[in-house]
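Visitor: Starting from the known structure of chain A, fit chains B and C onto it as the hints suggest.
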Amino acid sequence: TGTAEHQGMAKNTNMRWRLPLMCLLWEGAMIVLFGVFVRFGAEADAHWEEEKREMNLTSDMENDFYFRYPSFQDVHVMIFVGFGFLMTFLKRYGFGAVGFNFLLAAFGIQWALLMQGWFHSFKDGKILIGVENLINADFCVGSVCIAFGAILGKTSPIQLLVMTLFQVTLFSVNEYILLNLLHVKDAGGSMTIHTFGAYFGLTVTRILYRPNLEQSKDKQGSVYHSDLFAMIGTLYLWMYWPSFNSAISDHGDAQHRSAINTYCSLAACVLTTMAFSSMLQKKGKLDMVHIQNATLAGGVAVGTSAEMMLTPYGSLIVGSISGIVSTLGYVYFTPFLESRLHIQDTCGIHNLHAMPGLIGGIVGAITAAAATEDVYGKEGFIKAFDFTGVYQTRTPNIQGGFQAAGIVVSLLMAFAGGAIVGGILKLPIWGEAAAENCFEDGIYWEVPEDEESDVYHMHNPDKPASP
Amino acid sequence: TGTAEHQGMAKNTNMRWRLPLMCLLWEGAMIVLFGVFVRFGAEADAHWEEEKREMNLTSDMENDFYFRYPSFQDVHVMIFVGFGFLMTFLKRYGFGAVGFNFLLAAFGIQWALLMQGWFHSFKDGKILIGVENLINADFCVGSVCIAFGAILGKTSPIQLLVMTLFQVTLFSVNEYILLNLLHVKDAGGSMTIHTFGAYFGLTVTRILYRPNLEQSKDKQGSVYHSDLFAMIGTLYLWMYWPSFNSAISDHGDAQHRSAINTYCSLAACVLTTMAFSSMLQKKGKLDMVHIQNATLAGGVAVGTSAEMMLTPYGSLIVGSISGIVSTLGYVYFTPFLESRLHIQDTCGIHNLHAMPGLIGGIVGAITAAAATEDVYGKEGFIKAFDFTGVYQTRTPNIQGGFQAAGIVVSLLMAFAGGAIVGGILKLPIWGEAAAENCFEDGIYWEVPEDEESDVYHMHNPDKPASP
Amino acid sequence: TGTAEHQGMAKNTNMRWRLPLMCLLWEGAMIVLFGVFVRFGAEADAHWEEEKREMNLTSDMENDFYFRYPSFQDVHVMIFVGFGFLMTFLKRYGFGAVGFNFLLAAFGIQWALLMQGWFHSFKDGKILIGVENLINADFCVGSVCIAFGAILGKTSPIQLLVMTLFQVTLFSVNEYILLNLLHVKDAGGSMTIHTFGAYFGLTVTRILYRPNLEQSKDKQGSVYHSDLFAMIGTLYLWMYWPSFNSAISDHGDAQHRSAINTYCSLAACVLTTMAFSSMLQKKGKLDMVHIQNATLAGGVAVGTSAEMMLTPYGSLIVGSISGIVSTLGYVYFTPFLESRLHIQDTCGIHNLHAMPGLIGGIVGAITAAAATEDVYGKEGFIKAFDFTGVYQTRTPNIQGGFQAAGIVVSLLMAFAGGAIVGGILKLPIWGEAAAENCFEDGIYWEVPEDEESDVYHMHNPDKPASP
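Chains as they are written, first to last, in full-length UniProt numbering: chain A, 1 to 467; chain B, 1 to 467; chain C, 1 to 467.
With the rest of the complex left out, here is chain A (with noise of 0.2 Å):
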């Protein structure tokens, strides 16, 4: 690593005053700014004992801490365990998959729920938050989490910070585009988390791209070891992606719909991830890389539509498609953004999150477009797209209209963002390491010092160990 660290210290990734000064300044900040602005919300201020005497509620069930938290916690996980080990499939840049995921998304949700406060739970001067907000802020931090997967292990964490800070405040904005002013229904976030997330991330790295990455690449593959850990990362998105897709729909029967239809989509996604994987190889060997990522497409494709009226057979389709499509972008697509377009995607993001994220949209654009009350029944159908108030007169048509410009609108603010922030990120700053440390944890971390020696000796009988 001799030559490793010379090489980094020829860049400066020497993190010591950068890093720090920038940790405190921003939580400094979000104290003051919480001070100011937040505050509980009804549901989990101590005044609820009087709050439900007036709204006539009988049980403290009542209380939406009890129809989310399970939920909020299965998104927790995927945010932090999911995403983090997911992304330790690299042989030498584990610590820094779950190490700054671990600092991008904690400081993340601090912001996102400033933000989205503003926008959506700011009443008297008070941002009021509740589990709903908990939930929202880690679906905000979702789509960051998402483009790190693009840039993942090419940048230094002051970049991932700067990039946090500018990703949160503009996913607010455009999903306060799409939910408020256009009306627009993206329970699970197929537009607002993927689509915006993953194209937004593809964009930063297309404008930092390294032309010399190759002088890393013996580090750009996994071990085996590696890539178990990154199939916890899997099995956890996998598995609790039905709670995600649910986990801010309306109480009762769309909570419990948004459930079934992305269990249903996430189950076909997984075989026809494996029959591509295979028909693909000359061998027909399964690939992990199309494992740990394409079987996940089927939960992003039915973001927007899990919590409609899509049915089971509906989510079956829409599975099997995204697994397909995922599968073939890995091997076809993903060597052609690099070689042609200049898109260094180290995770594959727009393999699992932009074009299935796209589908999602669209695919809940025409749901939306073909709902009719006959379906949905005369108050469910009022109830499950929210046609209350200005929004009466809306037809399905209408809706799905509007369901389109959202994709439209979250693309735009993808590219318009990623190519700002990318700009801020190009400046010489901010310490990154230099083409040939890229994907390896020693630059901005301390490895156990002893590891090579150690296990090479403890390895080899036939060699007395030297001190």
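Keep in mind that the hints are not guaranteed to be accurate.
Given that identical chains are not distinguished, each listed pair holds provided it fits within a single copy or across any two copies.
To be verified - Derived pair list, reagent style DMTMM-like, types lysine to aspartate or glutamate, alpha-carbon separation capped at 20 Å: (1) K283 / E446; (2) K219 / E446; (3) K52 / E379; (4) K378 / D250; (5) K383 / E49; (6) K378 / E50; (7) K383 / E373; (8) K378 / E49; (9) K219 / E51; (10) K378 / E54; (11) K217 / D287; (12) K383 / D218; (13) K52 / E132; (14) K123 / E436; (15) K126 / D374; (16) K217 / E446; (17) K378 / E51; (18) K426 / E54; (19) K383 / E54; (20) K383 / E50.
Worth flagging that the hints you see were computed from the coordinates, not collected in a lab. In this text the structure is predicted, and so the values were computed from the model without any measurement.
Guide: Just chains B and C now, with coordinates in the frame of chain A:
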């Protein structure tokens, strides 16, 4: 791996067309059958608003989703992470353990939704599904994961899919006989899941007996970190087993009671397992195989009786006994089964599922037979055993007899079904590996190519890395 | 390992009869005591149908099971996977970390159900248990897991069982004094679990001081993958801590509030930990020890006050401070404690539990003292602090004083109890390993025999494998 691949060729383990074809055809069939048959149940349908009013429900909380969804997610984790990682203990079969478990479970839950749906949720030509169906589908697949444990490392993914198709079918028939015809209680599935699944798998592995399996003996052991991966599976199964046994019990006290009984049984099981693991070793050292597996026997053994008034001390007794039986099984029975009965049981499912499953069935029969109105209360007694309608006149003794009959039926179904399915899997068309290539991921998976040389060079400070 | 075993023999670490005897005798005692004392509480008993009618409950949802079971499962994961894997960071003590934690926790929860039951759930000669008892048993065992962190790698499993027996007993006494006699609030256990558990463990490790521990210094570090295993523990503790602090709070707003406060505190803690970890390193690199541990201090430090009106920004402040204190502790205090006070603290529990626990107690006292009817509402104020019955006249100031007294009592109990138990554990009959064999699984576990040679040969392409 040159030799390995050569041999693999000899047996033609190439999955390139067979696996994709099977996955795609079956997924296609699922889509058609779901399209014809599967719809949302009332609580997941958008018409629920109207339904709610008709049923006089005042709160969305009354939706079954909120009674069962947290348990469902725990069960889901058990099936995919629990069983998947439990089987990663082999040094070179981690991809197969986690990956094939993922494949067969994802297929199995779809087929189980249909099979169980036709038997239990069929109304006016449609299968109406809700969260309870998702749990039951996971349960059904659990029995396949158990059987997979017996043949782990010795079959091709195609064989696993074929087995899953048949086993899910037979499981559903057996379950129907027990629950509907015999009116047996088995909420945690000691009989339907564990006894049936384990003896089915043991019969299959008997039929698939490989006389030359010692050729891959060097790969049948674990390495240090593979044992730690397996402990992830163990702990998730252990921790979430109270959810498994209570997931489909009646609302209220029955779910509550099931969780407590299971918690107690599992705690006791850990102590007796540790005791016997140490005692049966000359040097008194603990064996990870026992800790990874026998500690779970307590959950299996209260599967039938957990929702009954087994009482906490009854649970401790059952858990203690099953830990002892299971550990003794690993030390004495497994070698005996292999050498005398030619039953090669990779994960020792005879010790973890078969014997504890039988104990569970018997304990359930005894607990049912011993039930009194005094212990359960007049209403509780009727509710606990569902002694209504045509079963109004059943006495505890008769119920105990039917419970015992349920064990016998499960065994017969397992032996007969396992023999037939084993025969089908013996056909030389499924691409199974040669004996010397068993327990080796390289046959069906792309394994990180550079690992050997890479790790070697990384660990050998004295030798420069050669290209 | 020849030498290791020789030395082990010299100290007679053979567990063959001692460990089984202790496990079986104690499990037998549990069965007898459970048989005499433990019964299902009303909500888990089959009589609940009648109870429900008497209490005028209209829905099964009112069963406490549905208010607390999801949190219970999260806490369960923290105890077994969280603490278990957090301690796997040592390169050769993963089996002991996960396995002994499993053993002591499984025993401890049974004994805790009895001890806490006698103090809190005893009616007409019976202990009546429900889901809240399960949570409290897990909590109690949590304090033992904490203490285990101080002596990790240096004790035999028998010593751990002895310690668990005594510590659970003392914990229950201390808890009774605090909650019942002093009428102190401590839902997340800053005082009862963390302060008590940590200072108890530190006192024990002080008594068991090993002057020659540097003989096993080579095994006190981590390797790359052991650090990733430890991160599984870290993340599960971090993610589920909101459930930990809210699990036994009052239904409704109190549980809701506890979760939000904890979420905020933990998020802030990650940022200050990262900041100080980088700042205190010459090259500004992050240290996995800090990330694995100090990031959790924020959960400990809001343990007492999370259910109070601490407010989100108050939580950010507490979390920020505790991250800083904890990281400083790892860099400066731990070496000091070892060299000057002869306190060998393997996992650094002084930094993760002791100091943050004290902060938590103090913050709780201040938050209680600062409470006003204005902030809580008239009813909320009474409910939050349970100022009813004989405590009707307590003022916030007096409550603050009692809270402070709770810290002092916990410390005294920990020091006194730790000294006595440490003395008992020092007896030369428990089979502890020699200093040079500490932190080595091979003493008490069957470690995969062939690993060394196997891995070596697998990795050495130039050398043919010898038998």
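Visitor: If a hint holds in the structure, say so; if it doesn't, say that too.
Guide: Hint by hint, here is what the structure shows:
In this assembly of identical chains, the alpha carbons of K283 and E446 lie at most 20 Å apart only when taken from different copies (9 Å versus 40 Å within one copy). When the C-alpha separation of K219 and E446 is checked against a cutoff of 20 Å, the pair qualifies both within a copy, at 18 Å, and between copies, at 17 Å. Taking CA atoms no more than 20 Å apart as the test, K52 paired with E379 passes between copies only; the shortest distance there is 11 Å, against 26 Å inside one copy. When the C-alpha separation of K378 and D250 is checked against a cutoff of 20 Å, the pair qualifies only within one copy, where the shortest distance is 16 Å, while the shortest distance between copies is 32 Å.
In this assembly of identical chains, K383 and E49 lie within 20 Å of each other by CA distance solely across copies; the values are 9 Å between and 29 Å within a copy. For a Cα distance limit of 20 Å, the shortest separation of K378 from E50 across copies, 9 Å, qualifies, whereas the shortest one inside one copy, 35 Å, does not. With identical chains, the CA atoms of K383 and E373 are at most 20 Å apart within one copy only, with a shortest distance of 11 Å there and 39 Å across copies. Taking identical chains as interchangeable, the C-alpha atoms of K378 and E49 lie at most 20 Å apart only when they sit on different chains, with a minimum of 9 Å there against 35 Å within one chain.
Taking the shortest Cα distances, K219 and E51 never come within 20 Å of each other, neither inside one copy (58 Å) nor across copies (58 Å). In this assembly of identical chains, K378 and E54 lie within 20 Å of each other by CA distance solely across copies; the values are 15 Å between and 30 Å within a copy. Taking the closest pair of Cα atoms, K217 and D287 come within 20 Å of each other only inside a single copy of the chain (19 Å); across copies the shortest separation is 26 Å, beyond that limit. In the homo-oligomer, the alpha carbons of K383 and D218 never lie at most 20 Å apart, since the shortest distance is 54 Å inside one protomer and 62 Å across protomers.
For the identical chains of this complex, K52 and E132 are intra-copy neighbours only, at 19 Å inside a copy versus 24 Å across copies, given an alpha-carbon limit of 20 Å. With identical chains, the CA atoms of K123 and E436 are never at most 20 Å apart, being 51 Å at best within one copy and 64 Å at best between copies. For the identical chains of this complex, K126 and D374 are inter-copy neighbours only, at 17 Å across copies versus 42 Å inside a copy, given an alpha-carbon limit of 20 Å. With identical chains, the CA atoms of K217 and E446 are at most 20 Å apart between copies only, with a shortest distance of 18 Å across copies and 22 Å within one.
Taking the shortest Cα distances, K378 and E51 sit within 20 Å of each other only across copies (12 Å), while inside one copy they are farther apart (31 Å). For a Cα distance limit of 20 Å, the shortest separation of K426 from E54 qualifies neither inside one copy, at 55 Å, nor across copies, at 62 Å. In the homo-oligomer, the alpha carbons of K383 and E54 lie at most 20 Å apart only across protomers (18 Å), although the nearest pairing inside one protomer, at 25 Å, exceeds that limit. Taking the shortest alpha-carbon separations for K383 and E50, only the inter-copy value of 12 Å comes in at or below 20 Å, while the best intra-copy value is 29 Å.
The structure fails hints 9, 12, 14 and 18 (numbered hints given earlier, in ascending order).
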